[in-house]
Amino acid sequence: MLRPTDFLLQECKNVRSLLRNTLRYTYSSESSVDIYRECLARLDLIDIGFHTLRVNDTDELQELWVQLSRLSVLTGRVERSHIEEFSWPFARSLKELATSVCSGADSGEPPLFLFSADDELSSYEVETEQNAPGLLQRPLFSINFPRSLKPFVLLHAILGHEIGHAAFAIPKLSARLRKEVIDVLVAESPLADLGNFEKWVYRTRSKLSIEFMVEKAHISWPEELYCDLFGMVTMGPSYLGANCSLLLPFDMRTVSSSHPPGLTRYWMTDSAAKCLKWSDAMNSPPLVKQAATKYFGTLSAIAQKVPRAFQLLQPKQIRAAVGNLQRILQPMGKTLFAMPPQAEIKRMVERLLAARPPVESVVSKALHVSNVHVDFRSILLAGWLAWHSDRRNEEKLDFASVNMLCERAVLLQSAVDYWETNKHRRSKSRARAK
Amino acid sequence: MPVLSSKEILQMMRHGKLYVSPILDPEEQIGPVSIDLRLGHVALFVRASGLSHVDPQNYESQQDDEQVRERRQRQKFSRYEFTFAERLLLHPGSLTLVPTLEWVQLPTNLKGVVTARSSWAREGLNIATANFINPGYNGIITLELANLGHIPIQLYPGMRIAQIAFHTVRRPVKGAPTSQFDMSFEPRGGEIAKYDEPFLPPSDQKAHPQIG
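For the protein sequence lines, the chains are A and B, in the order given.
One point on numbering: in my numbering, the residue at position 255 of the first sequence is 255, and numbering is uninterrupted.
One point on numbering: in my numbering, the residue at position 53 of the second sequence is 53, and numbering is uninterrupted.
Keep in mind that a hint or two might mislead.
Keeping only pairs whose Cα atoms sit at most 30 Å apart, straight-line, the calculated DSBU-like set for lysine-lysine is [unchecked claim]: (1) A:Lys172 / A:Lys423; (2) A:Lys294 / A:Lys396; (3) A:Lys199 / A:Lys95; (4) B:Lys76 / A:Lys289; (5) A:Lys216 / A:Lys172; (6) A:Lys179 / A:Lys294; (7) A:Lys95 / A:Lys179; (8) B:Lys174 / A:Lys396; (9) A:Lys316 / A:Lys334; (10) A:Lys199 / A:Lys172; (11) A:Lys334 / A:Lys289; (12) B:Lys17 / A:Lys365; (13) A:Lys305 / A:Lys334; (14) A:Lys277 / A:Lys305; (15) A:Lys95 / A:Lys274; (16) A:Lys150 / A:Lys179; (17) B:Lys174 / A:Lys423; (18) A:Lys365 / B:Lys194; (19) A:Lys423 / B:Lys194; (20) A:Lys289 / A:Lys305; (21) B:Lys76 / A:Lys365; (22) A:Lys179 / A:Lys289; (23) A:Lys277 / B:Lys17; (24) B:Lys17 / A:Lys396; (25) A:Lys216 / A:Lys316; (26) B:Lys76 / A:Lys150; (27) B:Lys7 / B:Lys17; (28) A:Lys316 / A:Lys172; (29) B:Lys17 / B:Lys76; (30) B:Lys111 / B:Lys17.
Keep in mind the hints are simulated off the structure, nothing from the lab.
Computed from a predicted structure; not experimentally measured.
Next comes chain A alone, as it looks inside the complex (with noise of 0.2 Å):
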């Protein structure tokens, strides 16, 4: 038998082995051997632990054992994180909103981000490391798509609600967050005090999961009910059709200890949403007009039929925790979703009705051609419209079509970003061969 020393020494070696591994393929995209480099780093120091053990002590070997799993954990995510399994000109586009918001609450190191893909549905993720503390040398956020929504870029959305929780995880931001906008967001509501929370809970004679405690759905819940704030203000509308194709399936009713019942969630967002006055900003040209009309319409006639009883938050305080948390993501570059002109959203939806990717190279009266910058969030917002259009071909056009054509644009203008960052190399090479 081995002890158990030599047994997580031998287990340390095939972490290692493992992490090798990883370096046969590129996963992520540039950020490939930083973080081959930031799991080495975090081994070696397990190693060391591991070496320097006092004998019987039990505890260190314990949060050694926990340490060297997560980082079993994180490595098997590493080699499961090909390009070829999620949308790399998405991860790619969620990556600078994601940086922009780490960058801009911290000065410190630079955190790391890992795509990777899962098999489950349910695997929209964004790990934050909350709980390992010692062994960080940067902060790494495991970024987890479902690998069988790979091209729904529209349904990515609800990356937005994830990139809240890796927010709320860096020390400089959490502080403001939890001030300004969880404690304002939750204010006259049952969920400011754990007794009247208790007595609401049982009230509403939801179905309780098995697992349900009070104590942790009170801690959790407000959490997760700022982090689909947090989602809205970054990704905007699309955010709601994402998060509505993704609860629905699920029972709203259910009440579990990690997220309030998809019903307050809903009624949340849709409260929101109308702070945030996106139909009004939609309400022409007739084909926008339309499909903003149906598209917002067919979420709040699902929201007016929630229950009184799962109605948690006072309107006026949801209102009040969007602001908050707009003017803390204000300064944050180009975090915050800003809504294109509806003459740039017609175009866009109206190439996507015409089975064109919604990002092209316009061409002027003079016949100079030219490329515009176009947010991704915009292209995602285009895709929705588009889906809702009464002047889409049901027929050629399905909801894998549109996802599809809306991230052959993410890609395209990622290729147009990147051309417009290293033209100045073409022009010194042409320079050369006159």
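We have chain A; now place chain B onto it with these hints.
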């Protein structure tokens, strides 16, 4: 069938009748009668171990069940995706299917003709042999890259490797496009035996002795 000049191409694009996008470098990418096309981000490499030879009988629809045919198709190619600045190495004698970066949508009165850029052809790179693009086509264009030289060729996504010219069709093609590749997002193998089944031996009968 006259070929469109660059001015006519741009005018059609301006009026939304023809679509080739993105055009990253109009000055260089638009020639007198053509538009250069760039290498996209996916490559299907034909696997040497996938099949011993290409036999149209293997593609015949009644020959095998769906699973067997699909498996044969899938195992014929290895699929890779590339980000910008990653490389693709094409060995001598190898065949690779790649998409163009550009999305192309043709009206029903234009036919596209895709050819190699001469500078690449001089390096031994054969670009497009099946080079007609049907009127009404919508999607990426699949290029069949073959290295006819004696040394490997390294390629990078985003490089200009082919060009497309547009010819007018006397009478616009009516109805929906019929190409099996319509609304293509990435390359895939074709169906070489489709509609030619009468010339193939019946599935329960062996082919005549091999010639050659």
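Right, here's what the structure says about each hint:
no., hint, verdict
1, A:Lys172 / A:Lys423, "violated (37 Å)"
2, A:Lys294 / A:Lys396, "holds (20 Å)"
3, A:Lys199 / A:Lys95, "violated (41 Å)"
4, B:Lys76 / A:Lys289, "violated (48 Å)"
5, A:Lys216 / A:Lys172, "holds (24 Å)"
6, A:Lys179 / A:Lys294, "violated (36 Å)"
7, A:Lys95 / A:Lys179, "holds (27 Å)"
8, B:Lys174 / A:Lys396, "holds (17 Å)"
9, A:Lys316 / A:Lys334, "holds (27 Å)"
10, A:Lys199 / A:Lys172, "violated (34 Å)"
11, A:Lys334 / A:Lys289, "holds (26 Å)"
12, B:Lys17 / A:Lys365, "holds (15 Å)"
13, A:Lys305 / A:Lys334, "violated (35 Å)"
14, A:Lys277 / A:Lys305, "holds (21 Å)"
15, A:Lys95 / A:Lys274, "holds (28 Å)"
16, A:Lys150 / A:Lys179, "violated (37 Å)"
17, B:Lys174 / A:Lys423, "violated (42 Å)"
18, A:Lys365 / B:Lys194, "violated (45 Å)"
19, A:Lys423 / B:Lys194, "violated (45 Å)"
20, A:Lys289 / A:Lys305, "holds (24 Å)"
21, B:Lys76 / A:Lys365, "violated (47 Å)"
22, A:Lys179 / A:Lys289, "violated (37 Å)"
23, A:Lys277 / B:Lys17, "violated (36 Å)"
24, B:Lys17 / A:Lys396, "holds (20 Å)"
25, A:Lys216 / A:Lys316, "holds (26 Å)"
26, B:Lys76 / A:Lys150, "holds (23 Å)"
27, B:Lys7 / B:Lys17, "holds (14 Å)"
28, A:Lys316 / A:Lys172, "holds (27 Å)"
29, B:Lys17 / B:Lys76, "violated (37 Å)"
30, B:Lys111 / B:Lys17, "holds (13 Å)"
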